[in-house]
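Peer 1: Residues per chain, in single letters:
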Amino acid sequence: GDSVTQMEGPVTLSEEAFLTINCTYTATGYPSLFWYVQYPGEGLQLLLKATKADDKGSNKGFEATYRKETTSFHLEKGSVQVSDSAVYFCALSEVDTGNQFYFGTGTSLTVIP
Amino acid sequence: SQTIHQWPATLVQPVGSPLSLECTVEGTSNPNLYWYRQAAGRGLQLLFYSVGIGQISSEVPQNLSASRPQDRQFILSSKKLLLSDSGFYLCALLLAGEYEQFFGPGTRLTVL
Chain A
1 GDSVTQMEGP VTLSEEAFLT INCTYTATGY PSLFWYVQYP GEGLQLLLKA
51 TKADDKGSNK GFEATYRKET TSFHLEKGSV QVSDSAVYFC ALSEVDTGNQ
101 FYFGTGTSLT VIP
Chain B
1 SQTIHQWPAT LVQPVGSPLS LECTVEGTSN PNLYWYRQAA GRGLQLLFYS
51 VGIGQISSEV PQNLSASRPQ DRQFILSSKK LLLSDSGFYL CALLLAGEYE
101 QFFGPGTRLT VL
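These protein sequence lines are chains A and B, in that order.
Numbering follows our numbering, in which position 66 of the first sequence is assigned residue number 66; successive positions increment by one, without gaps.
Numbering follows our numbering, in which position 74 of the second sequence is assigned residue number 74; successive positions increment by one, without gaps.
Chain B extracted, bound-state conformation (with noise of 0.2 Å):
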């Protein structure tokens, strides 16, 4: 079965820092992948999804970016944090044919 591995676990950075989110994934191929973030009590934001290596679609616009440089690894990145960035970074991944989306642990991003 299909795993999902994110990391790091927590992260603490100060505004105006870079940031790199990994997201690698096993136990499939070809997969879908979307990162989503969830602010603090509040529900989930699709921010990119990928059907393909180096295939990105993006849903909000901001100082975020995403790249998937091999099939099974998804990557988000921003050259300068904000304070908004802060909260909970969720990668999900969907299989061919499948109707669910499974949820890796997730990163917890302050920006402080």
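Same shape as in the complex, but just chain A (with noise of 0.2 Å):
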């Protein structure tokens, strides 16, 4: 079945330091994927998408392509500030599976002065 594998945390940076975020993914046929961030006491917010291979999404700094190759979509960013820290989530959906949407266990990242 579908699943999403995402890099363990805590992950605690520098502020201006690079971030990667590392999600792989198993599906059976195309899926689209997402990276959500929760930022503390809130819900889910769409941080970026992309729905078919070599897409890149990106908003607000932060960057992930979809590597069909290497079922991959990695999210980076150049420059982390303290305003970034929050949980992040790797996600997909698929219309094969009636657009069930299958979601990482989340990376809290903590970006400090």
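No lab work stands behind these hints, which were simulated from the structure alone.
Quantities reported herein were computed from a predicted structural model and do not represent experimental measurements.
Note that beta-carbon positions come from the ideal geometry of N, C-alpha and C, so glycine has one too.
Examples of chain B residues lying across from chain A (beta carbon under 8 Å, computed): (1) R42; (2) G43; (3) L44; (4) L90; (5) Y99; (6) E100; (7) Q101; (8) F103; (9) G104; (10) P105; (11) G106.
With the hints in hand, could you dock these two chains into one complex?
Peer 2: Laid out in structure tokens, this is it:
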């Protein structure tokens, strides 16, 4: 079945450091891929998405590229800020499974000044 | 654009008491609706989803139930809460023809 495997956390970085959070997936068809962000005490917000292979999603300085050959969708940011401290979830959905969403376990990021 | 409301925002309940959490949506019709639970420090667990009024699919057998009495209302219930029901409950919707789910602000439930 479909699944998402996400880099274990927590991750602690200094401000302006480079961020990578790894995400790989297993899917039977051609999924859409997502990164969601959850700030403390809040619901999830869509950060970026990619709906087909080689698409790059980007938002707020974050980027992720849909790599079909490696079944990956790693999240990157060149220079993190304290305000980026949150939990990040990788997810996929697939039309073949009725648009069911499959989430990774989440990666907690703390950015220190 | 669509808006998701969840009520209440926080709740503290004793073990064995009943539960009713409400999710209402605005700005859309006939969405798919979902209930997730997030236990402390853990990922999201899909509990129920609904593709229409009165249609509920359960992902995990447990002491919780869900109902969709109206197109824009999704209710999560329990007759007797367990300690393990503590967590952050999130309602989400998926619009027809869209790819991403939109999430509500969540309800923090503590069972004592």
